[in-house]
Structures are given as structure tokens and as C-alpha cells.
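Colleague: Kindly generate the complete structure, drawing on both the sequences and the hints.
Same order as they appear, the protein sequences are chains A and B. One rule links them: number in our numbering = place in the first sequence (from 1) + 7. One rule links them: number in our numbering = place in the second sequence (from 1) + 28.
Derived from the structure by calculation, the hints contain no laboratory data. There's no promise every hint is true.
Stated by the list, open to error - The calculated DSS-like cross-link candidates involving lysine-lysine, where the alpha carbons are at most 30 Å apart (straight line), are: (1) Lys-303/B <-> Lys-180/A; (2) Lys-182/B <-> Lys-122/B; (3) Lys-230/B <-> Lys-272/A.
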Amino acid sequence: MDRVYGGYEVKTYEEQFYVDAVSGVTLEAYENEVLGIAGESGCGKSTLLKIIYGYVKPPLTVRSGRVLVDTGKGSIDVLSMDLEERRSRIWWRYISYIPQNAMNVLNPTSRIRDHFAEVLRLHQGLDREEAYRVAAEYVTQLGLPRDVVNAFPHQLSGGMRQRVVIALALIMKPRVVLADEPTTALDVVVQRGILQTLIERQRELRNTLILVTHDMGVHAMLTDRIAIMYAGKIVEIGRTEEVFEKPLHPYTRMLIESLPRLGDKRVRKGLAGQPPDLRSPPPGCRFHPRCPYTTDRCRREEPPLVEVEKGHWVACWLYAKK
Amino acid sequence: MAGHEAGKPLLELRGVTKIFRYGMFGFRFRAVDDVNLVMEDRPLILTIAGESGSGKSTLAKIILGIHKPEYGQVLYRGRDIHRLRGRELLWFRKEVQAVFQDPFASFNPLKRVYGYLYETVKNIVGISERAKIDAYIDEVLRSVGLNLDKVKGKYPHEFSGGELQRVAIARALLTRPRLIIADEPVSMLDASLRVNILNVFKRIREEMGTSFIYITHDLATAYYISDLIAIMYRGSVIEYGPIERVLTKPLHPYTQTLLESIPEPDPRRRSEWLKPIKLSGIEEKEFVAKGCKFAPRCPYATKRCFEEPPPEVVVNGVRVRCWLYYVKGSSPAEKR
Ligand SMILES: Nc1ncnc2c1ncn2[C@@H]1O[C@H](COP(=O)(O)OP(=O)(O)O)[C@@H](O)[C@H]1O
Ligand SMILES: Nc1ncnc2c1ncn2[C@@H]1O[C@H](COP(=O)(O)OP(=O)(O)O)[C@@H](O)[C@H]1O
Ligand code: SF4
Ligand SMILES: [Mg+2]
Ligand SMILES: [Mg+2]
Chain A
8 MDRVYGGYEV KTYEEQFYVD AVSGVTLEAY ENEVLGIAGE SGCGKSTLLK
58 IIYGYVKPPL TVRSGRVLVD TGKGSIDVLS MDLEERRSRI WWRYISYIPQ
108 NAMNVLNPTS RIRDHFAEVL RLHQGLDREE AYRVAAEYVT QLGLPRDVVN
158 AFPHQLSGGM RQRVVIALAL IMKPRVVLAD EPTTALDVVV QRGILQTLIE
208 RQRELRNTLI LVTHDMGVHA MLTDRIAIMY AGKIVEIGRT EEVFEKPLHP
258 YTRMLIESLP RLGDKRVRKG LAGQPPDLRS PPPGCRFHPR CPYTTDRCRR
308 EEPPLVEVEK GHWVACWLYA KK
Chain B
29 MAGHEAGKPL LELRGVTKIF RYGMFGFRFR AVDDVNLVME DRPLILTIAG
79 ESGSGKSTLA KIILGIHKPE YGQVLYRGRD IHRLRGRELL WFRKEVQAVF
129 QDPFASFNPL KRVYGYLYET VKNIVGISER AKIDAYIDEV LRSVGLNLDK
179 VKGKYPHEFS GGELQRVAIA RALLTRPRLI IADEPVSMLD ASLRVNILNV
229 FKRIREEMGT SFIYITHDLA TAYYISDLIA IMYRGSVIEY GPIERVLTKP
279 LHPYTQTLLE SIPEPDPRRR SEWLKPIKLS GIEEKEFVAK GCKFAPRCPY
329 ATKRCFEEPP PEVVVNGVRV RCWLYYVKGS SPAEKR
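Modeller: Next up, the structure:
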């Protein structure tokens, strides 16, 4: 994606404002990679994913920018299409999206097999019987019990519903999979199993998985590269090992150092203060009110994203050539 | 009643069992099942950990006297808390305080938070002079990193989640409790802010000698602040002991699985974490299983595990509920 600006235009009788949730984000995600997006809640991760998917409905608007997806036959700008076109031409097939709290999106009145049948009918023209057979076959391949397809959503545990949603998102072998906090509400054992399935499938399809989560542990276990978001902007991006080993941005450093670890009782310090209100973000570097290294320049000018080491970028005046 | 009497435990749970009649499976099940715990009377932090639905909050409510168990007793400094009346009950409410997960749910949005602090001091602590009340509130707010000026006149929504949770902790501290039960007190906060609150707990423990029961599903934060840990699984405490031992040399197969599955912020652990595990589809049956509730998922399960509930055995000062540690002829952990 290229210099995307998007946010929420909120109009009520009393007030009118704009939430600057995705502010000039440029990102590339490659074939056969898992790109992680991390950051505190409210920093714009979900908004970013919705924009990439082209799921842009009021109050969410995109003010400028492009989202290009390589379909194998040239690239298309998701944002240039209308919603109907996105739905029929690119969703499921090229990009699929696992929204936050996805396990609640299943229609409670239809059986799991009918959820699959609908997708298979729309995108592969299968009739109902065929679709049921394909679905049952497919879920067992992903390690789910076969009779899951006959259940109604409420008969399944949260973890099982989430596995179903993920299976659905992957069935058309999309080139890009967007997953928003796919396991946040689940216990760690179930989480591990689900994320293992997700990554196995990614390796099999050699596609792109963009994984959003605030859980730095999950990023460390799963992603190839990681982008750190702060208040609507990408402040650091690089190979996951490198970012954990040598975090550059003061925010990234504090984020990683604030996390308690098993077997380590050393006193830790959490971040001071709180993230800014995105209705009126601070000028200059958006992190400056919480940063221990703030200078005058940080308060005035926005730091550019610069490449400090190959493939490791950071937006902070401590690293920009003066 | 002040001063820590030697000998008598601060808190003791004996065979505590809570049965719910319409849980998520439509029949009777034991949300808390024969729990035995002893907490010595000195400043300690005990973690109760387990996945969601394992019975942690139900157990907390039993200890607070909100739920009455069907079987078993909760003794606080030797007194059965479900039989306290009148003055004794008031005493218990001063001594044992609670902090819950969502601070916004604990405060009425239309009421200034200062009002809560004021009322607690006036009605429960028993100070009546306005200036003295304010001075006391200010002192307590300072112990959680706030002060009266930052709080006075404000409504709940004018605070961040972390700040309001500090106010909730301050409110709990006003009665100078000996024990605070904190049920998922940092789960709503961003990970980078959690240690700030946990550091407040540590400081209070050191400075005021308050003990804590810290309820969480996050073992890393548990390790960071606790001395003891009880791991719950489907209503049972399956392992209980010093945190150092339980989390570095876990005995119970469930504790082992749990520890291996934690995604730690350290990419060097990745290959181990990615070793495939199998998920079962039978979660629902486990609450009512006859034998060990973990048997269907346990790699070491034998026939006996499916048939008989395992006894509680003590191994090196750790209590564990698992047949693997049962030696024939040995006496299971004595039930006091
Ligand atoms: N529908 C909406 N209307 C107005 N503001 C919104 C809406 N959805 C999200 N926001 C705001 O946009 C910002 C980014 O939110 P989000 O993308 O959900 O963050 P994250 O996923 O990182 O937690 C936040 O300040 C949030 O309050
Ligand atoms: N008041 C209640 N009535 C019926 N079932 C309940 C009640 N409270 C909790 N439960 C059930 O008891 C089990 C344990 O719940 P809880 O103690 O809240 O677990 P945890 O705090 O570990 O997530 C769950 O299955 C839950 O649905
Ligand atoms: S640019 Fe300045 S304020 Fe921003 S993170 Fe870097 S040093 Fe801190
Ligand atoms: Mg989100
Ligand atoms: Mg709970």
C-alpha cells in the first residue's frame, strides 16, 4: 500500500470530527511471508486492515492513497473499485479477511456446512451436495473433526468457531490473508493450535499473511517481518528477529522491555502516559509526549521513515540524517 | 485484631465446591471442585491461574463471600466466612477487599469517583472530619501513583483505564485490608501498561504488608509478582505450590502443556513453539468427566485416569492432582 490516509469522519448533532487512524502508511507485503502488525489498542491496526481489504464504509473513509494487489495477472487497486466489485472480483479469491471477534460473525441460524456451501457456490459454482462433500473433506484436512460441518455455531466452543472462520477464509486459496487478532480471546493452548494451522496453510499456499495482534509474543512466534504502529503511523518495520533483538524506535524498545517473562523477576517499567487522542494527534513525532529523548525538532517536525540497516526502517529523529 | 498472629493461616480453603445448575451445558456441573488451599499469614502474593471458564472468578467470589459453596469451608484467620454476622462481617469486609477486571464497570459513570473514596472513608474507616478525610485519601492515592488533585471533581470517563484501575486499587486500600483479591486486574490494559499496576501491588505488599490473590490467565505476569501459584483446570486446582517450582519444573501434564504453549516475546523459542500440537473437539465433556478432567487431552493418560479422579499428592512441597505422582501405599495429601 502506498501513502494511505484513512480515518473516521464522525458527524453527530453536537460535533463533527475526524479520527486520523491511518496516517500516511506505506507498506509492502511480499509473496510467501507473514507480516505482523503490532501496537497498542487504538493505534489503528484494525482500521489499516479494513482499508487493505477495501472494507470501507462510513464513517470510515480513505482520503488518499492506493492499495495494490498482485493478482498474478497484473495488479489492481482495491480502493479504485466500488464495494460490489470488490465483493465479486477480489474478496475470498485474492484477499480474504478474518475480522476481529470473527467467531461471532457466523450466522447462528445456519449450519457450518451451509456457510461453506455459500462461498463454494458463489466462487466455484458448486451445487449444494458437492459443496457439502468438499467442505467435509476440507475441514478434516485442516484437522477439525468431520462432524463440525453439521453443527450450528452455538454448539461449538469459541475456539472451534474460530477455527471454522479461519477455514472458511482460506478455502479459496487467497493470495493475501488478513487476520485481525485471530486468537486474542482464546486460551494459550487453543491459540497455539490455531496459529499453527494458520501458518501451515500459509506455507502450503506460499501466499501472504498479514497478522494483526497486540500480543508481541505471537509476533515473536510467527511473523517473518513486523511493523510497529503508533498512533496511526508505522514507526518501525523490519525482520522480526532483528526488531526483537535490536529494537530501534524508543516506542518499540519500551514496548518490548515492558513485558514480563517467565523465569525473569527483574523489575520492569511500563510505558508512561497514554496514547494520544487521534482526533487531534500531537504535531511532529506523535510519540514525543511519551518519549524520553524528545528534542525541539521532535515536537515540530515529523520524522521520516529511514532505512538504518538493510530492510530495517525506523521513523525517529534519533536515526534520521540531520 | 491487628498484628499477624503466628500459626493461624490467613486463608484456608477446605474441599470447596460450587455447583451451578444451569451452566453452559444445561445441567449440573462443578464450577469449583474440591479446592484445598492454605495461605500463610504473612505478606504473600498468590496467583490463581487458568484458562477462561476454569472457575477462577467463581472461586474469588466464594472467598469474598459473594457465592456460598455447596460443600467445604473458607476460613479467614480461622473463621468460617460464610457464617460471619454483624460486627464480624464488617470486620471481614474491612480486612478483605476486591479489585475487578473492568474499572469502568465498578464506578457509576454519572458519579464523581471522589464520592466513592469519601464514602468509604467516612462509613467504613470511620473518619468524619472533612480535612482529615481528604488528607487520608490523598495519602492512599499517592501510594498508587495518583493524588487528590488529579482525582477530585472527575468522572470515571475522564480517566484512562490504567488510571481508573489505580483509583479502584486505592479505594480497596482505604480500609487497610490484609488481603486484596484482584480478579484479572490488568487484563483490560495494554500489555505495555500492565507492569505499572503490578508494580503498585508489589509496593503495597512491601510497604503495607498486604497480601494479594492475583487472578489471571497470564503466567508471565504471575511469575513477575507472585510467591505462590494455583493452576486451575475445569474447576479443580491441579497444581499448587511456590511459583518458582511450579513454573520452572511443572509436574502436572496440563501445567506442562500450558507453559509450552505460551507465546513468549522471544523469537528464539519459535521452533519449539511451532512443534505441532493436537487440539481436541471434546472440550464440553471435560467438566463432567468421571476421572481426571485432563485425561482426554493428556499424553500420559492410563485407563485409571479415565475412571477415578486423581488424589492430591505432595511432591517437594508442591500439591499435584495427577495419578503419575501417586505411589502405592503412600498417603495422599492429608485433608485438613
Ligand atoms: N467506527 C468508528 N468511529 C469512530 N472512530 C473509530 C471507529 N472505529 C475505530 N475508531 C477509532 O480509530 C482509532 C483506531 O482504531 P482501531 O483501528 O480499531 O485500532 P486497533 O485495532 O489498533 O485497536 C481509535 O482511536 C478508535 O477509537
Ligand atoms: N452464576 C453462574 N451461573 C451458572 N454458571 C456460571 C455462573 N458463573 C459462572 N458460571 C460458569 O462457571 C464456569 C466457571 O466460570 P468462571 O468462574 O467465571 O471462570 P473464569 O473466571 O476462570 O473464567 C463457567 O463455565 C461459567 O460459565
Ligand atoms: S522522533 Fe523524537 S520524540 Fe519521536 S521517538 Fe524519536 S526521539 Fe522520541
Ligand atoms: Mg483492533
Ligand atoms: Mg473470570
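Colleague: Please go over all the hints and tell whether each is borne out by the structure.
Modeller: Going through the hints against the structure:
no. : hint                    : verdict
1   : Lys-303/B <-> Lys-180/A : holds (24 Å)
2   : Lys-182/B <-> Lys-122/B : holds (26 Å)
3   : Lys-230/B <-> Lys-272/A : holds (12 Å)
Against the hints set out earlier in the document, no violation occurs for any number.
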